[in-house]
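2 protein chains.
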Amino acid sequence: MAPPSRLLPATLQILRRRCASRFSTASSLVSPPSKAVLYDEHGAPDQVLRVADVPPVHLGDRDVCVRMLAAPINPSDINRIEGVYPIRPPLPGAVGGCEGVGQVHALGPAVTAPLSPGDWVIPSPSSFGTWQTYIVKNESVWHKVRSDVPMEYAATVTVNPLTALRMLRDFVQLNPGDAIVQNGATSIVGQCVIQLAKVHGIHTINIIRDRPGSEEAKGKLKQLGADEVFTESQLDMKNLKSLLGAFPEPALGFNCVGGNAASLVLKFLSHNPLFFRQGGTMVTYGGMSKRPVTVPTSYFIFKDISMRGFWLQKWMNSDKAEDCRTMIDYLLGLVHEGKLKYEMESIPFSEFSLALEKALGKHGSQPKQVVRF
Amino acid sequence: MAPPSRLLPATLQILRRRCASRFSTASSLVSPPSKAVLYDEHGAPDQVLRVADVPPVHLGDRDVCVRMLAAPINPSDINRIEGVYPIRPPLPGAVGGCEGVGQVHALGPAVTAPLSPGDWVIPSPSSFGTWQTYIVKNESVWHKVRSDVPMEYAATVTVNPLTALRMLRDFVQLNPGDAIVQNGATSIVGQCVIQLAKVHGIHTINIIRDRPGSEEAKGKLKQLGADEVFTESQLDMKNLKSLLGAFPEPALGFNCVGGNAASLVLKFLSHNPLFFRQGGTMVTYGGMSKRPVTVPTSYFIFKDISMRGFWLQKWMNSDKAEDCRTMIDYLLGLVHEGKLKYEMESIPFSEFSLALEKALGKHGSQPKQVVRF
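Each protein sequence line maps, in turn, to chains H and V. Residues in the first sequence are numbered from 14 upward in steps of one, following the numbering used here. Residues in the second sequence are numbered from 14 upward in steps of one, following the numbering used here.
These are computed hints drawn from the structure, not numbers from a lab. Not one of these hints is a red herring.
Just so you know, same-sequence chains aren't split out, so a pair can sit in one copy or run between any two.
With a cut-off of at most 30 Å between alpha-carbon atoms, the simulated DSS-like pairs for lysine-lysine come out as follows: (1) 303 / 280; (2) 352 / 157; (3) 303 / 254; (4) 303 / 251.
Required output: the full structure, derived from the provided sequences and hints.
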């Protein structure tokens, strides 16, 4: 029979090892007892997740103990638990969640970062295990953020708004007066794209799916600054570009849907193959319809269309990610100025199961769920 | 009724105007009478093309009169005549053909280019109207080429070999030992890719279609230097990359087919999304199957695959095209050294109709047709 320690989930084992190894530093700081949402195997999140007690953990010299305030349930968190996301924390004993905001609770004796108890911090770049009431990690993990914005925004600023910002900056040089086109415009990334583009004087052509309430959705997006919003069925016509009116042909398009919605983005993109200008670029960052992107070969040859992909996780691993924190500060500044907003539902940790059900779509279309600890 | 001059094909009108305007330069040089393959309207090439006499034309001060030696019938020439190619000469009176080689016959009195009668020249960048026995154009059009290679190679060096060379150079930085993957490997561009890659120490993984004689085709490509050649049906398996053996994952792929053959290229491409290396790039330059390219969205997001297009015509219009002539000289040097070869059939101008039928596929699979004037 395995010795008792083998029966513990891996996270607890790690915590124990950490305590043991840190005895030698003679630090007397320990974190408060904590609660975490854990999973030991991949599967349906409402089947495999469980709330567990995590014993106190000693702080290393440069560790910071953070009391978590809020963390969202993102689709990529769900996919990690299901086991279908390419990057996942090791099992068993993985703590869910990848972003969130917390308050500095205690500092190891050798911490040099300008942090004080009470400061708001986020893990930046984002990292595994934010569904937990207290987290102890090295000071390098934590980025201090402003605390004069709603905590739900600080908790969600990385995964969606940063994706929108990077996609606007990393592929095509855009200037004020230019236009872009996107599908899935009602998603949070889509809403951020509209608002960030507007801040820079860039027009947005937006595509949404046909459904009851699509007129209301159009109104909401226009209030955020969308220049044009079309449902897919409105674009079932030959000369899409006649709909551009005075806007220039978009040099950049975003696709988070696939299938027909991706083809519509491609049809709007600029192509000017015989002159020095390059054809448009479509960036795929999601595949909500679960259908592939289908492109006639002539789009590549004669229209000079390029197709790329964006994955924030990869960007965070690149050498460009150094300015991740600068971007976060910029985005939270826009939130503070009222220039960046999106709908979320804040729900107490005690009702985690309900938040999870909503995030899994079991209660129809719902705003992003943010758990308050 | 229109005055008689209106009834002439446009080319003849242009020639007449040219003669008239050049009287003032007092140049006494005129070209010999010429024969050209013309079309006045778009349609099936064997219906709309006709051989016409072109009257002598006066040479301007900086014009060069070239006696054409040979010119190919390229698929893009066919498409121009059919009216389905995006860039076409004006009608009526368009002369067919876009590349070819000729011999300097006479020089205008103010020509400064180092050209002498008897020199071999090609229009570079390629330009409309090479199916003609004598051509008079400004000296800037003509590029002197070596005459110690078979004239069929000088006549065809631009459209296919230059496409292969640019695609190997313009998208991904390749180093000796790297690998690339391509479909349509038996096409002339495909054969050039194999040979040019070999010259630079780059391995090629080649995909051809299943057909009678595919084993013979494999042997031919291997003789040219192909490292691996697979038929599409051989690749109907899950783990394509196990076929790479010791070769590195290709960072670059070429697609001239579309459909399943394009998907196979994508499956071979490298993807290494979490590290600093970029995923592979597929360049589409043709669509022989007339089927689109279909890509799961995950290829873009998690595998970081990029998709681009190449069209030589656009490259020639770009500011990078300055070194076009240097590339031509390099390619004809390789021909001279025996390092670049491909199958062609040379056919006299008197049998143009037969050559056209063969180029149109009316006699089964045939080598590229090159007309000797």
